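Residue numbers (the numbering used here), protein chains in the order written: chain A, 1 to 152; chain B, 153 to 263; chain C, 264 to 673; chain D, 674 to 1046; chain E, 1047 to 1213.
These are calculated hints, taken from the structure and not from any lab test.
Here the structure is a predicted model, which means the values were calculated and not measured.
Note that beta-carbon positions come from the ideal geometry of N, C-alpha and C, so glycine has one too.
Treat the hints with care, as some may be off.
What the hints assert, rightly or not - Straight-line alpha carbon distances no greater than 25 Å define the calculated BS3-like cross-link-like pairs of lysine-lysine that follow: (1) K728(D) <-> K145(A); (2) K723(D) <-> K145(A); (3) K145(A) <-> K976(D); (4) K430(C) <-> K370(C); (5) K711(D) <-> K430(C).
Stated by the list, open to error - Here are some of the chain E residues that sit facing chain B, going by a computed Cβ distance under 8 Å: (6) V1105; (7) M1152; (8) A1153; (9) I1207.
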Amino acid sequence: MTVRLDPADAAALIRARFPEAVEAVDGFAVRLATSALVEVCQYLRDEPSLAFDYLVMETAVDYIEDDYLELVYVVRSLQHNREVVLKVRTDGRDDPVVPSLVDIWQTAEFQEREIYDLFGVRFAGHPDLRRLFLWDEFRGYPLRKDFLPLAQ
Amino acid sequence: MMPVTLNHFLVLSAMLFCIGLYGALAKRNAVAILMGIELMFNAVNVALVAFSRFGPASTVAGQSVLLTGQAFAIFILTVAAAEAALGLAIIFAIYRRRETIDPDRLNLLKW
Amino acid sequence: MDFVAFYYQYIWNLSSMWGSVLAWLQSQTGLPGWAIYLVFGFGGALGAFLWVAISNIILVFGERRLLGRFQIRFGPNRVGPNGTLQLIADALKSVGKELVIPAGADKPIYVLGPIVAFIPAMMGFAVFTFGPTMSPVTMDIGVLYFQAVTSLTAFAAFMAGWSSNNKFALFGAMRAVAQFVSYEIPLVLAVISVVLVAGTMNTLTIANQQTIVYALVLPIALFVFTIASIAEANRTPMDIVEAESEIVAGYHTEYGGMAFIMFYAAEYTHALAFGAMLNVLFLGGWKLFWLDQVLPPWLLFILKSYFVFFILIWMRATFPRLRIDQLMSLGWKVLVPLALVSLVLTSAGMLVPGLPLLAVAIFQWVAAGLIILAVLSRLPRRTNREEDMRARRLAAQAAMTARTAVSAQS
Amino acid sequence: MALKTEPFVVNIGPQHPSTHGVFRVQLTVDGETIVDLKPVMGYLHRGTEKLAEEKTYTQCIPYTDRMDYLAAMSNELGYVMAVEKLAGIEPPPRAKWLRMIFAELQRISSHLFAAATFFQDLGGWGTAIMYMLGRDREQILDIFEMTCGQRLTTNYMRIGGVAQDVPPEFFPAVRRFLDDMPSRIDEYFDFLADSDLLLTRTKGVGILPKELAISCGCSGPMLRGSGVPWDLRKTNPYLYYDEVDFDVIVGQNGDCYDRFMVRFWEVGQSLRIIEQCLERLPDGDVRHPFSPDFVSGTFRPPKGEVYQAIEGPKGELGYYLVSDGTTAPYRFHVRAPSLINLTPFREMCIGWKVADMIVILGSVDIVVGEVDR
Amino acid sequence: MTELGPVIAFWVLAVVAVVAAVGVVGSRNLFHSAIFLTVVFLAVAGLYLVLSSDFLFGVQIMVYAGAIAVLIVFAVMLTHNIQAGNQEGRQWIPALGLALSLFVVMAVVLAAGAFPASSTMAALPESNTTLIARALFNPYVLPFEIASVVLLVAMIGAIVIAREERG
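Assemble the whole structure, with the sequences as input and the hints as a guide.
Structure representation (structure tokens):
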């Protein structure tokens, strides 16, 4: 049975190593500082007692009211059968940049391209950041809440 | 009707040979040069077969030498096949190394 | 009854009928000899062509129906009685289609492609033996001629492939060149065994000489010839030249309408030609037990050739396709050595004084048995379904238990 | 051909016999050998995630059908489970057992179809196998049809249960299917898995190492084929999977053959599960008493977010839902196994021939409707 | 050779051969050149048939048209992207001069009657194929064996040269 690592416990684990990394914790996820994302993920993957070797899913949510995009990472350890959800908030909604996780989990490659395609989040360090589904000339990011299909 | 004689075949052979010679000498592409050489081989074969068919029948040591020309044509054909295979292999090898098969630019041995 | 017997003798031997017609024609019209010769030649060619055309219709339809049967479905059965008019409907539809020449195509070569495809396959029919004395052309080099002209099909493939300005077509063309040239070697080597035993390259003599069919004398050569001719005729499982799951349709991807029909017909003609050649070389042409005393030989020849074609259809309905490098290594590493073995054994058998045919047969069968034994002993043990499944399950369970232990600790 | 020639780029697709839909692969080949490869997708992108934001929770169910249209039941199951988790609804036991039956039937149908097209990709066009496997799949589709009136896009699962109880003829039909299948599996094993040509074409081809599979987030038969015994039904049981007895199938080498065999044997395991489900199927209601089904316009799950994954036929099918307390999901995201399983596609193909690329793609078993959504 | 059929056949084939040969050297497109070359091979095969040398006819089609021409076309395909054209090199004028003068010399020699202008073909005592076999395996058996060895060596050499280096 996959144990959902309680976000509070996860936050404590991360804080023990990176005191500044955790921004907030709620019942669902641990919110990290954007700057700390890569090293925390690296730590989560490489630390043998954690061994979060499997990135289940990566996606984004557009919180237009509060003027930020939130990236959601569901991370799992196949070895210990544990799961934790990480979140990162972007700085505003105009041209947001988030570090890419491709070097840590290769599965991020397509999913980050998808997020770039549909939300317009740029991933720093992504090897091949192009639109995944839509054609290159497409303007706008359809999954943002302020996207109007006919106004593109 | 004008009969076709040995000379007709020989003139045809000469024409093919000279066209082939021109191709072999003038072309800038190794494959084209090979084609010219094949033309020359064919010309020679035509001449040989014509000789063998129009020549006088005779026997040497009890064996008919009537088809000596054709036997030679077969040898030439064999050699031509070998030459084509080797030549193309060399062309491939050069192309792989040098990305060109222009003999004018294959002057590695010159200095 | 005399009347019936008189006509039956003509039906029995079509060439004598044709000869009588010509003689009658000459006596009636007084045409010069060369004109009669022309009529003779064109008439023979027309006859062969008619046979090919009718055979194509029968074979294509038969293949579609048979494949349907093999695939637990019906096949074409709507147009006409039992679907027999389906092909005519298809042909009419294809004729009505526009011939599109792709932009950037090498036009003259593109147009020539389908024509060149058809000619060599058709030319091979000149040397078939429809009866003890019935052969469109009797040539001393019959077998060599057949191999030579059918080897020209490679040209059609790469003319079409190159000129289409399409990458799939180019793939098909390259594969065609590699495959056709490679498989020519085992094919010819296998034929040489037959030529050695028969002592001639004349197809008529070869067929006539087979008091015992050479299939029984030369099993290895038969095997090699069958496989290689499937590859030469470009039929599944060796149709990598036009493998539809990989390169769409290979060299004729860009052809539609009538041009495509030409390629299609050429493919069937080619396959039929190889089937008929296999019949001539290994199955004795028109010979079939006592039946050749009752039925006209040409009918038996045609039926036997269709039977060989049926085996090709059967193979198609059974095997998936090989990959190009596997196909190449099959040709060079298996078929060529086998053909050489057959050749050496045949020549050795021919050296035995007295009974050379029996000697050849004994040598060949012993060798074939040894080869089969060797292959069987080298084959990896086939997977047993219970074992395979148990292994997979046990591996999973072991790993799963290990994980539970780990997570219990942590 | 071992000749170094000009590498050139070939487009396999978007319209190609073997790309399983409108999927395009940009191949850079040297002769026949693949040097580089770029999957290009989006030709079937319908913006399901955006559409769902405009629909009520119940209206979203048919949209999930149309993603992996070969496994509609599994898609619905994942979605309704996510909504139930969000709203804290517990469906009645009979509904849960029925859901398991249908999910497993759907898995069998999907795997059979995968095997059929896989053999087709190998060039077995003339062979009967597609039609044989199609015959079995047809039985399953008939069962779906008698249950919910639809064969492919079933729209059967509901939030808090299933649409309606199964009809009386359902049980004999499933019984017949369960009785027929084992002997057929044996037959297919001899015909497919033990065929020498299939072994030559697939053994050792397109090897996906364990580490790469994990790093690439592969799931389902892809991951298990590489030797990782990860099956959400075992490791993270939902419904009653922890109460039924079945085995996880894994491969040893991670080649195309192993992926194929994992699917092949999983059919048998699914039959086992269905058997047990039929035995234990209780009587009772098939809907949650407060099922929001017919009042779909007013169903408002509480604010919050949820990630719920099930083991679909293609792999881990996850739904990430964000609710803002209105009738429509604020964010609707699908973790599509087909898309994510394509991540290592490039690494698997490089160095192999064009023909192998087709086989590898067939062994990944994508459905473009799910890749593009 | 005085009968109508063979004479017509000779002239048709000769014209085809020469025109196609000119096409080989004259065509701008290397692929067309290769196709023209095949036509030359086929026409020459036809000429062999006119000379009633059936065996050579078969061998010519099989070896030249079926193998050598195919190899050449294959080479053209594989090396296409670099050398699309079929241009003349720098020395085309001297080459033309040399070829022309050689032809003139040969024509003069022929016109001077170096060979008897015989129009009768020798009668064959038995079939052409049998005769060739006798010629190859009796007086010319040594050259025949040497030719076989040459072929073998060429095959091995070609494989070695064209093989891709590993590692």
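Here is how each hint holds up against the structure:
1. About 14 Å separates the Cα atoms of K728(D) and K145(A), which keeps this hinted pair within 25 Å; it holds.
2. Restraint check for K723(D) and K145(A): satisfied, since their Cα atoms lie roughly 9 Å apart, inside the 25 Å limit.
3. For the hint pairing K145(A) with K976(D), the CA-to-CA distance comes to about 18 Å; that is within 25 Å, so the pair holds.
4. Restraint check for K430(C) and K370(C): satisfied, since their Cα atoms lie roughly 17 Å apart, inside the 25 Å limit.
5. Restraint check: the Cα-Cα separation between K711(D) and K430(C) comes to about 17 Å, which is no more than 25 Å; the hinted pair holds.
6. The interface hint given for V1105(E) is met, as the beta carbon of that residue sits about 6 Å from the closest beta carbon of chain B, less than 8 Å.
7. The closest approach between the C-beta of M1152(E) and any C-beta of chain B is roughly 4 Å, which is under the 8 Å cut-off, so the hint is satisfied.
8. Satisfaction of the interface hint for A1153(E) is found here, the shortest Cβ-Cβ separation to chain B being roughly 7 Å, below the 8 Å cut-off.
9. With a cut of 8 Å, the hint placing I1207(E) at the interface with chain B holds, because the nearest CB-to-CB distance is about 4 Å.
Violated hints are absent here; each numbered hint is respected by the structure.
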